[in-house]
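*Asks:* Sequence:
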Amino acid sequence: MTSSGYATERETTEGRVFTVTGGDWDTITGSIDPLSNEKIVVNMGPQHPSTHGVLRLVLELEGETVTEARCVIGYLHTGIEKNLEYRNWTQGTTFVTRADYLAPLFNEAGYVLGVEKLLGITDDITERAQTIRVLFMELNRISSHLVWLATAGMEIGAISMMLYGFREREYILDIFEETTGLRMNHAYFRPGGVANDIPESAIKKIRDFLVYMPKKLKEYEDLLSGQIIWQQRTQGVAVLDVTGCLALGITGPVLRSAGLAWDLRKTLPYSGYENYEFDVPTATTGDVWGRYQVRMAEMRESLKIVEQALDRLKPGPIFIADKKIAWPAQLALGVDGMGNSLEHVANIMGQSMESLIHHFKLVTEGFRVPAGQVYIGIEHPRGELGVHVVSDGGTHPYRVHMRDPSFVNLQAIPAMAEGALIADVIAGGASLDPVMGGCDR
Numbered sequence: 001m002t003s004s005g006y007a008t009e010r011e012t013t014e015g016r017v018f019t020v021t022g023g024d025w026d027t028i029t030g031s032i033d034p035l036s037n038e039k040i041v042v043n044m045g046p047q048h049p050s051t052h053g054v055l056r057l058v059l060e061l062e063g064e065t066v067t068e069a070r071c072v073i074g075y076l077h078t079g080i081e082k083n084l085e086y087r088n089w090t091q092g093t094t095f096v097t098r099a100d101y102l103a104p105l106f107n108e109a110g111y112v113l114g115v116e117k118l119l120g121i122t123d124d125i126t127e128r129a130q131t132i133r134v135l136f137m138e139l140n141r142i143s144s145h146l147v148w149l150a151t152a153g154m155e156i157g158a159i160s161m162m163l164y165g166f167r168e169r170e171y172i173l174d175i176f177e178e179t180t181g182l183r184m185n186h187a188y189f190r191p192g193g194v195a196n197d198i199p200e201s202a203i204k205k206i207r208d209f210l211v212y213m214p215k216k217l218k219e220y221e222d223l224l225s226g227q228i229i230w231q232q233r234t235q236g237v238a239v240l241d242v243t244g245c246l247a248l249g250i251t252g253p254v255l256r257s258a259g260l261a262w263d264l265r266k267t268l269p270y271s272g273y274e275n276y277e278f279d280v281p282t283a284t285t286g287d288v289w290g291r292y293q294v295r296m297a298e299m300r301e302s303l304k305i306v307e308q309a310l311d312r313l314k315p316g317p318i319f320i321a322d323k324k325i326a327w328p329a330q331l332a333l334g335v336d337g338m339g340n341s342l343e344h345v346a347n348i349m350g351q352s353m354e355s356l357i358h359h360f361k362l363v364t365e366g367f368r369v370p371a372g373q374v375y376i377g378i379e380h381p382r383g384e385l386g387v388h389v390v391s392d393g394g395t396h397p398y399r400v401h402m403r404d405p406s407f408v409n410l411q412a413i414p415a416m417a418e419g420a421l422i423a424d425v426i427a428g429g430a431s432l433d434p435v436m437g438g439c440d441r
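For the sequence shown, UniProt numbering gives the first residue as 1, with consecutive numbering after it.
Warning: the hint list may mix true and false statements.
What the hints assert, rightly or not - Mimicking DSSO-like on lysine-lysine, the simulated pairs with C-alpha atoms at most 30 Å apart in a straight line are:
id : residue 1 : residue 2
1  : K215      : K304
2  : K266      : K204
3  : K314      : K117
4  : K304      : K314
5  : K304      : K204
6  : K314      : K205
7  : K205      : K216
8  : K266      : K216
9  : K204      : K218
10 : K216      : K204
11 : K216      : K304
12 : K205      : K266
13 : K324      : K361
14 : K205      : K218
15 : K117      : K82
16 : K204      : K82
17 : K323      : K361
18 : K314      : K324
19 : K323      : K117
20 : K266      : K323
21 : K205      : K215
Stated by the list, open to error - Label-pair distances were calculated between CB atoms; the ranges are:
id : residue 1 : residue 2 : range
22 : Q227      : A247      : 31 to 41 Å
23 : T395      : E170      : 34 to 44 Å
24 : N83       : V363      : 17 to 27 Å
25 : G157      : E274      : 19 to 29 Å
26 : G419      : G394      : 48 to 58 Å
27 : D124      : A371      : 17 to 27 Å
What the hints contain is simulated information worked out from the structure, not anything from laboratory work. Ideal placement from N, C-alpha and C gives every residue a C-beta, glycine not left out.
Go ahead and model the full structure; you've got the sequences and the hints to work with.
*Replies:* As structure tokens, this is what we get:
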């Protein structure tokens, strides 16, 4: 090979090597941003305080811009669906309630509605039991949205919102505790009705709450809506339009913030929701600001439903009359928590051997559910909660699968985050309101 006038050369053990140079090389390389090709990968979570629980986001960054985002889930997998296969149908409600721990009553509702449909007793549920279910689900919707507002506010910088949101949520949890015996994970909805009746003291607290809460919602809006930092951190951030939501299967406030008024309480009503007067709030921005506006409006609509439910709460039984399904028990709140009333225990132990035997069989073995499968969809605070229940005719489920809205909605994070700033990943992720207990189950 002959020598080149454009390149210096030298002999090496690998052969002759040419070093190509150009007069304008330094000029070209000098104009390139030295950081443009330097990408770094960071883990946000699962211990990060702003990922709403044990969600891990793997972010590829160029400077502060996200070029790729991946969700890593499974850190809160608890085997709830598998455990249901080894418990009877009534015991199942104690497992599903622990999935999305911020909306336990919705998990219970989806499950028991499925079991009741398989049993063919949907139309036999008493009016009082239906009304109590609606009443408690809407209170739970408010408490869930309050946690969202509290945590999202804190993550964007409104620290005081965290305190106020949890303060009002405590009021609702007190009502739940007074009725069900537990603040969370209630196992209150049972196939056939509800575990026990709502006491008068809880009804009074709810009426007081209906007076108290609207003023607090106004205070939240006074604190946040006109605040320039809140506006800049939410408006035009993490935009996802209707087409994107439908392509990803996203439901709930995220879908409604993009302008589509899809709410299963209206479109596919259940538990008597068709008899209540309420609106489905929407926005058109499809951003964090729109999701904030939708959830604030939803809390006001839930208060309207709660008030109507209280007015509909007529005296009557809270459990189906069929004694092959209904436990022959009178649950009451006692000094040791919740259990059978002493009068009932004295009756079945001292007077009715048949009731005692039947009670023992129902509690230890459970009732049988006809073979078949159903899918029930309800409007959960985060979107459509679907419960697929399969029975083989036995005393426990053959399979239960939950379509949790947190799991589905997390698919939106790459669509919202890629191309945006890392700070907007926090706001966008928070606006989805994911709860990892429901996502991982």
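*Asks:* Going through the earlier hints one by one, which of them does the structure break, listed in rising order?
*Replies:* 16, 20 and 25
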